[in-house]
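Work the whole structure out from these sequences, hints included.
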Amino acid sequence: MQIRYAVFTPILCRTQRFNCAINNTRLQMLFTQTVPGAIYLLATVSPRYITLVKAYKMSMELDVFVGNTTIMDMEVYQLWLDGLTVSDAVKVRMDEGALLECEANPEVLTSDTMDQFRTFQMCERLLHSPTKLGSQLLYQIPAQNQIILIERYYEFDSVFAREVLGKKLSKGTKKDLDDTSCKTGITLKSCRRQFDNFKRVFKVVEELKGPLVENIQRHFLLSDTLARDYAAIVFFANSRFETGKRKLQYLSFQDFAFCAGQLISYWTIGAMDSMMEDMDVDLEKEFLNELKDLKVLVNDKDMMDQHKILVCAALRGKIKVYKLMEVNFKNLSRALINLASKLTHTKDVRDLFIDLVEKFIEPCRYDRWTVAEITLFLTHYTNAAHCLGTFRHQMIWDRYMGVIKSSQCSPLLHLSLIKVNYLSPSPSISSVSPPVNILNELNTFLICKL
Amino acid sequence: MPGKLKAKIVAGRHLPVMDRASDLTDAFVEVKFGNTTFKTDVYPKSLNPQWNSEWFKFEVDDEDLQDEPLQITVLDHDTYSANDAIGKVYIDIDPLLSSEAATVISGWFPIYDTIHGIRGEINVLVKVDLFNDLNRFRQSSCGVKFFCTTSIPRCYRAALVHGFVEELVVNEDPEYQWIDRIRTPRASNEARQRLISLMSGELQRKIGLKVLEMGGNAVVGYLQCFDLEGESGLVVRAIGTACTLDKLIPGTVLNECMCVCVCVCCCSLILSGMGSGISVGKEAGPLKTLLRQQAQSALEQREFPFFTLTCFPPGFLVHIGGVVSARSVKLLDRIHNPDEPETRDAWWEEIRQEIKSHAKALGCHAVVGYSESTTICEEVCILSASGTAAMLNPRFMREGCLDAGGSDQRLSRCGFCHIPYDEFNMPFPAQLTYCYHCRRQKVPDVLFTTIDLPAEAAVTGKGCLIQARLCRTKKKAQGEVNATAISNLLPFMEYELHTQLMNKLKLRCMNALFGLRIQISVGENMLLGLASATGVYLSALPAPGGIQIAGKTPSDLSYDQHISTMQKRINDTIVMNKELYNIHPPECIEEVVGSPIPDRQRSRLFRSTSESSDELSELDLSHGKKDAFVLEIDDTDAVEDIQSLLTDAPMPAGFYSCNTEVMPGIYNWTSGLQMFTSVRVYRLNNANLTNQGLNKIFTDLCENLLKSLYFKLRSMIPCCLCHLNFTVAVPEEELIQVRRHTPKNTSPILSIFPRNILNEEQLQFSMELCGESTSSNNQPTAKASERCSPLPEVRSRSLRSTRSLPCGAPVTVVKMTPLSFLPMTRIVKYLGIINMFFIRETTSLREEGGVSGFLHSFIAEVFAMVRAHVAALGGNAVVSYSMKECVFMENPNKNQAQCLINVSGDAVIFVRESDQEAIPPLITSGQTSTTGADGTT
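Going down the list, the protein sequences come from chains S and W. Residue 143 in full-length UniProt numbering sits at position 143 of the first sequence, and the numbers go up by one each step. Residue 56 in full-length UniProt numbering sits at position 56 of the second sequence, and the numbers go up by one each step.
Just so you know, these hints were derived from the structure itself, not from any lab. C-beta: ideal position from N, C-alpha, C; glycine also. Please note that a few of the clues may not be correct.
[What the hints assert, rightly or not] Distance windows between CB atoms, simulated: (1) Glu101(S) / Glu579(W): 19 to 25 Å; (2) Pro652(W) / Thr85(S): 26 to 32 Å; (3) Met889(W) / Thr85(S): 26 to 32 Å; (4) Asp82(S) / Trp178(W): 51 to 57 Å; (5) Leu24(W) / Arg240(S): 30 to 36 Å; (6) Tyr80(W) / Lys171(S): 29 to 35 Å; (7) Thr85(S) / Asn891(W): 24 to 30 Å; (8) Pro652(W) / Lys174(S): 29 to 35 Å.
Here you go:
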């Protein structure tokens, strides 16, 4: 065997394939590139004539691909949104089998990925104000692609949103994003993008009148679901609800988003007066003040007793925890009413969720209430108040309990109860199958939520 | 006689923030035409100003109307300091001067700044009132229509084809004037843009005058080029074919229209190597036929019987001789007097004469598919011209004959293949056989041409892109020595390119090349050659023979073995390719007719390289002693050749590519059509590259580029890349600088070599559902569009999206394509030529994403500006789009880069054909026999 001519760069020698070429003299092959950006050529022509084994390091200085219609690969877009670097994205794509298509090689893949990333980067400026995307002349993007581009750009990881929920969308928070990134496993770049999106949406709709969700949809062209999620984020960021406490950790973003939806529809000015005029972002001050009047329900002994009797009458025989309920009724009622009356202070508004959990849910949980039971209790608890002849604050009561009852706390309750069950299975549940029960419960929860 | 130009500035939007303090802009607009300037009021504190100005009126000569662009400058008003420019818009008002084209320009134009790119948009309204001009001595040529399209435009009928028109104007390049040292880059770029705009206006006007003189009313196949000769100046030159066009009344004459448009092309073969042009010329035999004489006389009056068209009305082409080309190496010197561009004229004159004489030698009296190009490196300039020698039907040259003869013209499916020359006096050795189609006339064994495949040609199987790539190193030299070195290398390069093309053609079992385009570019120490063409199997020509490999030392056993393995691989590849391209020619008994020269041999491409008039030493390159298709592999070159033959990566399934307008063998197009531009620059790091090494690299670059394309477009399979246009350049400026710093024996890592700009432009592809098997033939086209059209009904969608877009009407979708037509649509109106030149410079290269980011956004901006102009004219597509020039320079150390782009095309309005007429009649009419099933869709 003769090697007539061989020049290797160190990189080539590192590759396994090179060894195989030397050992296997019968190979007739041509090697191209193993590392993106470099091309190695190895042509072995025959056993006797291994000619031209040469490696050139060649750097691609410029590589551009522009279409009249901008085409975008949505899978690559997702990788870009996830904040991956080009080389990471190439790895992911290779793992996903991109190389099998069209006889691609890593170099082709790298070049394609770089191109796409560059395109996205250049479009990013436009995505910051999605309405411009439709009227700009620079990129001709088919309308259906524009919609996808925007929607995906504004999509966020609920884990991340959960972390930021209720925090002030300020520079300080942004600085702490690297912690969030470590904690959630989402790349810092992606975290920043999501945070900036929150902030941008917040800034735009903060001062706008009219329904929050519609405002978001109009200015950011988002889908209904996504706009609702943003509404929740804006709402939480504005009222700065405390969500970070350990006791609230079990709640997911979706749970809070649901609560936010309820709060917006019951407790804001827009809720009562759908003809806009005012905004959805803030809780109605007047309403919060009026909540004080509900105190009569616990302060007036007669009223309280009557209330209890009505509730008990309705629930007798319908719930397993009837006994406990009867005993604790006053405490539960007092907890709910006190919560309401305290809401005049901003601080207490912020602590709404933590208070709810501590004062109402935890006692229930301690008594092993089920979700159905709580829901039933709250329903009758609310309705019974209407039957109290002397109780005058029906409107306020409905608005308040609307949130508490219909749903607001049901996810809270719900998940907390599951957790309790799981940790200490009640005697009634067979010890073998707690997960099954939990699953069932979860199912019913999902069903009722739907 | 003057005309009146009226302009109105309506509004602006998305303006940049010019006042940091308020985050707003106080914008106003200056409108300038010639030496007159108007200003709008300042619209304070807004990024979306509404000027709604009065009509600014300019009373000007129509000569000026043709030369000058309307210049709109948007500025930010500053009370205390000078006003800051936001950007400019140049509007070419030429389209308004022709009565049939657009009547008003109205729309949003991107505001462009040569340093910052696009900064917002401005809404402008422009109108022209033109008075009739009966002055015989006028200098203007308003009303002459220009088309980039290299065929008779779809809604016109050619009453008369007058012939070749050319013109060039020269000027000093503002970039190299002394004043450039003291003015800002912006001012210098703008001066350059403006000058070029003026020059091309002037050029068009002058060409128009020539056309009027000839009695024509239009220029078809208008090709305008810039030569940036650096210190020696700036040359703008253009060639085209003067015609008299009649407008077809839309609607009534759809059929006729189609009939006129059926492209006929012709072409031929000849190819070859590098013999000396002169000796061949002498061999040319007497022309005998009457036809020939007639045509001769019709054409004789013309100085150059050249046609820039590549597609012709039926019956126009009679026979085709083959490719003729000429190159000449010149040393540039400063243009002393811009008004007397005689030197350049003389150079081109020389080359055209040469082409003419080559054509004569082939027994042809005309050259079709003619084009000219230059490549410049330092002070050396290579001028090249090439075309296809052909016999034309004289009917088209004489007035009034066309209408009479229209119907009797029987389309012959093989006529164009028949040899135009005398078989006993062949200008070059070739093997002749009787035509496989009609059995009456002789045909050559291989045809090479620069034109498109005639629509009536009988083709077997499908076509494919064939490329030959070549690199040659050369010593670095200056001036005369350099020029001599280059001209010595050129013949060898052409010869090798030709050999490569021939081998690849054989390997694919094809026998004709269409759209051949050979580009040679010079760098400081290398020459690059790139030949692209579309290979097809013409049923009329004989089946190509195989390729045989011969070794020099047959005694050696293992070597023999090696040879036989190679041979086997080659044979396998041929069989595979036959399958791939669906080539199953009917078996024919080989009947070789007496060819006066017994050797099977390659034909010869007429070319000669001359530096001034120095003739090359005679080279015996005719391969006289070898079988034409025997490859010897005793030397490493040949090994390389074979390697590259076999390593040409096959196209992934579902892809087809060609560099002609229509893909031979595929007839069911959908209307989903997209155009891409891709640019790549490589830097070679190896200090002492050999020819082989370079070749390898170059081939890989091209292959890789193609692979990337396939990969990127994979979601659109099945898809056909049409009109694939490769351009290569070896920019020199860098090279000199860098090399100066590089001592001779540095390690490979440190030394930097020339960069190859692999500039792959105008990649355009269209979706198609290919009819490979009979079953898929029957699938309705609807399915194709459903399945693969990436842009189904963009218009309806954009309408739907309006609900969510509060900012007014959606942007018109403008399609761009290098093709002269849009599949499944009908072009109803030509709005005028688009010819734009842009410069973009940056002093913050890194911040803009490096060179790639910079160029990417620049190209996107150019597209945007072209689209905006077309939309403003009321059009919805650009056909025959091409990016003529894309010059890129960078200086990474200074964080600077500069890029020049020149684009051209025809703005049109098209309408979609209804689904019933899904298949363009154009194609079906020409191809019924090959793909009968297509008609059913």
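Now the hints, each set against the structure:
1. Look at Glu101(S) against Glu579(W): about 22 Å separates their beta carbons, and that is inside 19 to 25 Å.
2. Restraint check, Pro652(W) to Thr85(S): a C-beta distance of roughly 28 Å satisfies the suggested window 26 to 32 Å.
3. Range check, Met889(W) to Thr85(S): about 29 Å between beta-carbon atoms, so the 26 to 32 Å window is met.
4. Between Asp82(S) and Trp178(W), the C-beta spacing of about 54 Å keeps the proposed range 51 to 57 Å intact.
5. Separation of Leu24(W) from Arg240(S) is about 32 Å and conforms to the stated range, judged on CB atoms against 30 to 36 Å.
6. Checking the proposed 29 to 35 Å range against Tyr80(W) and Lys171(S) shows it holds: the Cβ atoms sit about 33 Å from each other.
7. For Thr85(S) paired with Asn891(W), a C-beta distance near 27 Å keeps the hint of 24 to 30 Å intact.
8. Taken as a hint, the range 29 to 35 Å is violated for the pair Pro652(W) and Lys174(S), whose Cβ atoms sit roughly 45 Å apart.
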